[in-house]
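Q: Got chain A; can you put chain B on it based on the hints?
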Amino acid sequence: MHFFSHFGRYLRMLAAMFVRPEQFRMYWRETLRQMDDIGVGSFLIIAVVSIFIGAVTAVQTAYQIFGNSLVPGYYLGWIVRDTTILELAPTFSCLILAGKAGSNMASELGTMRISEQIDALEIMGVSTEAYLIGPRLLASMIVIPLLVSVSGFLSVVGGYTSTIASGYVTSDEFIQGTLTYFNPFNVQLMLLKAVVFAFLIASVSSYQGFYVKGGSVELGRASTRAVVYSCILILFSDYVIAVLAL
Amino acid sequence: MIEIRDIRKSFGDQSVLKGISARFDAGKTSLIMGSSGSGKTVLIKCMVGLLEPDSGQVLYNDRDFFAMDSSQRKQVRTEIGFLFQGSALFTSMTVEQNVMLPLSMFTNWKKERMLERVNEVLDRVGLENANHKFPSEISGGMAKRVGIARAIVQKPSYLFCDEPNSGLDPRTAGRIDALIQEITKENGITTIINTHDMNSVMEIGEAVFFLLKGEKRWEGHKDQILESQDEDLDHFIFASPFLQDAKQAMLKHGGRGH
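Chains A and B supply the protein sequences, listed in that same order.
Okay, so the first sequence: first residue is 1 according to this note's numbering, each after it adds one.
Okay, so the second sequence: first residue is 1001 according to this note's numbering, each after it adds one.
To be clear, the hints were calculated from the coordinates, so they are not data collected in a lab.
Computed from a predicted model, the values in this text were never measured in an experiment.
Keep in mind that the hints are not guaranteed to be accurate.
[As the list claims (entries may be wrong)] If you anchor each label on the Cβ, the simulated ranges turn out as follows:
hint	chain 1	residue 1	chain 2	residue 2	range
1	A	LEU179	B	PHE1134	50 to 56 Å
2	B	GLN1097	A	ARG20	20 to 26 Å
3	B	SER1136	A	THR224	41 to 47 Å
4	A	LEU244	B	SER1071	39 to 45 Å
5	B	SER1136	A	ILE142	37 to 43 Å
Glycine is no exception: its CB is placed at the ideal position from the N, C-alpha and C atoms.
Only chain A is shown next, with the shape it has when bound in the complex (with noise of 0.2 Å):
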């Protein structure tokens, strides 16, 4: 199928989506569950990978900057504080989000188009793209830049504490260095580029998975797909905004 007119169902799809709820409540119950799923069930992957990434970060960036004295120690704080917030939190917690969240979404909603269960649901009267596609949506904006604010503060906390037991600073130099330079402009940044990630992941994960057609192989297809595009999209978009926030 030709690029564009995956494009122009893509943006049927989300026009699909804003249209009045069958029943508030249902829809609101959906984008609970989906948030428990995403914020919850990622919860502790994102906490683990984002301690090691500001723990590592802050290693090889003292290991980079001590050869020389003219570098003051509380640097090293500011350093590790800022790149997590302006990209290791935002860009490396959506990469992991897309492998996890984006493949569960593709495969659960490829799951339900295989099995007819959406085809059961159009049936009934239900808008499909809204009901199965929107909550998924709203949930991801919401968690996700959550989710990315808490692995941004346990990066930081990785780094701390990687270089306190490493001898490479004192503690008093590393929160200086944190506390030093702060410009809250970087956390909206953080948070817009969450959001659009957020945006990315579901929107192009749910597509991968609701226009599904065959058997468990293409589903696994789908699934991967939804995970590799979302990637792109990510990176890309990540570039897009730094070029023109910064």
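A: Below, chain B alone, put in the same frame as chain A:
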């Protein structure tokens, strides 16, 4: 009553439905039969709007389905019950939640009232104690019954069943057929069943439509099948030497009842 007029549907160069017209009356079980690839599933999907025909009309009590806007179609769809070949139960929900879903979506009833209706239909299909079971915990026959319960929970005017007996043993299949027919009579529903199960045709086929290569080849009551001179119909229904012998015996003794 449902009427279809000159329904045509192609996929690429392949013409699957070649101008099918038929009328399905309320309170009767109408069967669409045909071999695999004859177009019966495409036809039923066109009738409920899962596929859009290239041309033709589908009239629900004289309301042209494809001339309606989306909100009118939604309204008609709430009057439709559909039993899928694989039951299409929501695997993350219990039997009770599956059956309750249409009520939760389209009524403002309190939970107690919904539960009462759910228990009523589960009772009607013979599943009194299955409320909290998941689809993975029940048999194929039970899943079909849950599918029927979900299809009738909103008291539909139209009931579609796509191969309701596939994958079931003959005894369970017979029970499902009887259940569908009873529900049709009790509620005056327009019921359309897609099948290639000859037992179903001969037991509950009050109106039978035989499709062959996308065309309606034959139409009549089940009792007229024996006297039909249509060779293709004869080959389809009495496909094996055993069934041919059975047919000869029936003709010799003046029909099935003797």
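Q: Regarding SER1136(B) and ILE142(A), is the given constraint of 37 to 43 Å on their beta-carbon distance met?
A: Violated, since SER1136(B) and ILE142(A) (Cβ atoms, about 31 Å apart) do not stay within the stated range.
Q: Does the Cβ distance between SER1136(B) and THR224(A) fall inside 41 to 47 Å?
A: violated, 26 Å
Q: If you check the beta carbons of LEU244(A) and SER1071(B), does the distance land in 39 to 45 Å?
A: holds, 40 Å
Q: Using the Cβ atoms, figure out if LEU179(A) sits within 50 to 56 Å of PHE1134(B).
A: holds, 53 Å
Q: Does the hinted range 20 to 26 Å hold for GLN1097(B) and ARG20(A) at CB?
A: holds, 23 Å
Checked against the numbered hints above, the structure violates hints 3, 5; every other hint is satisfied.
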